[in-house]
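**Student:** Chains as they are written, first to last, in my numbering: chain A, 1 to 262; chain B, 263 to 575.
Calculated directly from the structure, the hints in this document are not laboratory data.
Where hints are given, some of them may not hold.
Claimed, not checked - Residues on chain B that point at chain A, a partial pick, calculated with CB under 10 Å:
(1) Leu313
(2) Ser331
(3) Tyr340
(4) Pro342
(5) Thr349
(6) Ile363
(7) Gly365
(8) Leu395
(9) Phe399
(10) Leu547
Claimed, not checked - Restraint ranges, calculated between C-beta atoms of paired labels, are given here:
(11) Glu561/B with Phe16/A: 54 to 64 Å
(12) Asn268/B with Leu161/A: 50 to 60 Å
(13) Leu161/A with Gln461/B: 56 to 66 Å
(14) Phe197/A with Thr385/B: 53 to 63 Å
(15) Phe243/A with Pro454/B: 47 to 57 Å
The beta carbon of each residue, even a glycine, is placed where N, CA and C say it ideally should be.
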Amino acid sequence: MRNFLAILERELKSYFFSPVAYVVLGFFVLATGVAFYTIISWFNNYSMQSMMMAQQYRQMPPAINVNQLAIRPLFGNIAIIALLVVPGLTMRLFAEEKRQGTMELLATSPITNWQITLGKFASALIYYATMLLATGVFVGLLFIYGNPELLPILSGYLGLLLLGGCFIALGLLFSAFTENQIVALASAFFVNLIFVFLGWLGNFTGPTMSKVLGALSPLDHLEDFSKGVIDSTHVIFYLTFIFGGLFLTFVTVESSRWRGAR
Amino acid sequence: MIQVQNLTRYYGRTPAIQGVSFEVEKGEILGFLGPNAAGKTTTMRILTCYLPATSGSAKVAGFDVFNQSMDVRRRIGYLPEQPPLYTDMTVKAYLHFVAKIKGVDPRERKNRVNEVMEKTDITERQDQVIRKLSKGFKQRVGLAQAMVHNPDVLVLDEPTVGLDPNQIIEVRQLIKNLAGNHTIILSTHILPEVEMTCQRAVIISRGRVVAQDTIANMTQQKRGAGRLVLQVDGPAAPVRDKLASVAGVKKVHASSDNRYEVESEAGRDVRRELAQAVVQNGWGLLELRSKDKDFTLEEVFLNLTTEEGGANA
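Using the sequences plus the hints, can you model the full thing?
**Tutor:** Following this line, the structure appears as structure tokens:
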């Protein structure tokens, strides 16, 4: 535990002192902001129009659900943006250690590869959570000008955190493969895209195949969370995905010793 | 303190080291010599649990490096060829981190860090970011890192590389002072360094141990092979052939001015036979002297690592 914390602490400090992490954070918040702006503009138009329609036909104005029409698409967008930026967070985790030779320090210290892997994973997850927290500003604005429901928002964030965990586990794995950060970034990014592509590909296949592909795609499991449903199927999917990624990372780190690679 | 037995390590099909065996007593400084790519780093990496061996065994302080890896790691400090530094940290923060993962008691951590900074003379740089330090200081931070948990065994892979002559002397002195409490394995290309700091040396070439002994014995042993210089008044080619045919002579090398350099077998005095051979042929023996002076470790090293024939000292 103490070793895990030592790794975690060092990695976190390294994040908060590193310009790359702030660029990633800045890009994330900017992109989320643009998405938020677009969604809210559309939402405004939509509510104006439906009000006018209602007046025209002398009906009750329709109930417009902020959660459904603004927050849910926002979360969908955050997920896509996370997919793009998380590899930027994870690329250095192992690649940098290998390049600057510090892997040799860790590997000869009384500390296990699990402690190293988990410490690094946790640090990236915490940094990612900070990024998510920053998007809370946008949701906060909705609370000031409207009255969305809180619980679906919280469950949505939980979903985003789990989804991010998947991306981080994957990114960590690719960082363990190489000592070149750019290679780690590009390959993690590429595989993330494939997973998203799977869900999208489902739209063009038969009903059975569509279900299978959707079940494999991390993004498709997010929807229920932002509806306020915490379904154990999805939680288990995410946790399995994360653990699988971490396990493969552990194996990679452990085996590089056997292969005699640096 | 350290027992290495028949250690072999393959990278794919290429052997990096084969059947390496040696022992290091407690408190001793062992010099680990060899040309580049001889297998020094591989051996050190196996000892520090960084790499597993393909076969053979190594024990540090009685613990097996493979099966009791964590026990070994707690007792060993390692300075790799490239000092393993987190360049974005300050010296102090870095040493604290290393102390933590090496399992130094939290209450002692500060003292230990201050002590090793003092020893390696980096106290006044403690708040600097490592990236901005000169190579010499980085090397010293690397050395401090290896000692921070006060390990029984120190494994230093070329510790004086990149230091200026004054720093080299300081580091050597530091290493000498560490002996006694610590057992040290030191790899280097710089042979005088071994003569100055180590009691014993292991010479390794192409993955095999070609010599291991105290420095004194090593240079003496090789002195057994005699080298003589003769000046003979006579026709060059016959003289050379005649000298070469004398029993006990290994090599004859003709140089200018009717001089011949004769190398004899170890421990054999061939001066009498040589003189006889010259005189019997009616040539004039103008000079016969021994060219033997103390073999330097450098000569021993070159002898052992360049020609396979002399590989059984």
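**Student:** Would the hint on Tyr340/B stand, with a C-beta cut-off of 10 Å toward chain A?
**Tutor:** Constraint on Tyr340/B satisfied, holds at 5 Å.
**Student:** Is 56 to 66 Å right for how far apart the beta carbons of Leu161/A and Gln461/B are?
**Tutor:** holds, 59 Å
**Student:** Take the C-beta atom of Phe197/A and the C-beta atom of Thr385/B, compute their distance, and say whether it sits inside 53 to 63 Å.
**Tutor:** Once the Cβ atoms are compared, 56 Å apart, the range 53 to 63 Å for Thr385/B and Phe197/A holds.
**Student:** Should the hint that Glu561/B and Phe16/A are 54 to 64 Å apart at their CB atoms be regarded as holding?
**Tutor:** holds, 56 Å
**Student:** Go through the hint on Pro342/B and say holds or violated, using the shortest Cβ distance to chain A against 10 Å.
**Tutor:** At about 5 Å, which falls below the 10 Å cut-off, the nearest Cβ of chain A leaves the hint on Pro342/B intact, so it holds.
**Student:** Per the CB criterion, is Ser331/B less than 10 Å away from chain A?
**Tutor:** holds, 8 Å
**Student:** Regarding the hint that Thr349/B lies at the interface with chain A, is the smallest CB-CB distance below 10 Å?
**Tutor:** Thr349/B check passes; min Cβ-Cβ to chain A is 6 Å, inside 10 Å.
**Student:** Should the interface hint for Leu547/B be scored as holding, given a Cβ-Cβ cut-off of 10 Å against chain A?
**Tutor:** At 59 Å from the nearest chain A Cβ, Leu547/B fails the 10 Å test, so the hint is violated.
**Student:** Holds or violated: Leu395/B as interface residue toward chain A, Cβ cutoff 10 Å?
**Tutor:** violated, 14 Å
**Student:** Hold the hint about Leu313/B up to the distance rule: shortest CB distance to chain A must be less than 10 Å.
**Tutor:** holds, 6 Å
**Student:** Double-check Ile363/B for me: the hint is only fine if its C-beta lies closer than 10 Å to a C-beta in chain A.
**Tutor:** holds, 5 Å
**Student:** Does Phe399/B meet its interface restraint, that is, does its C-beta lie within less than 10 Å of any C-beta in chain A?
**Tutor:** violated, 16 Å
Checked against the numbered hints given earlier, the structure breaks hints 8, 9, 10 and satisfies all the rest.
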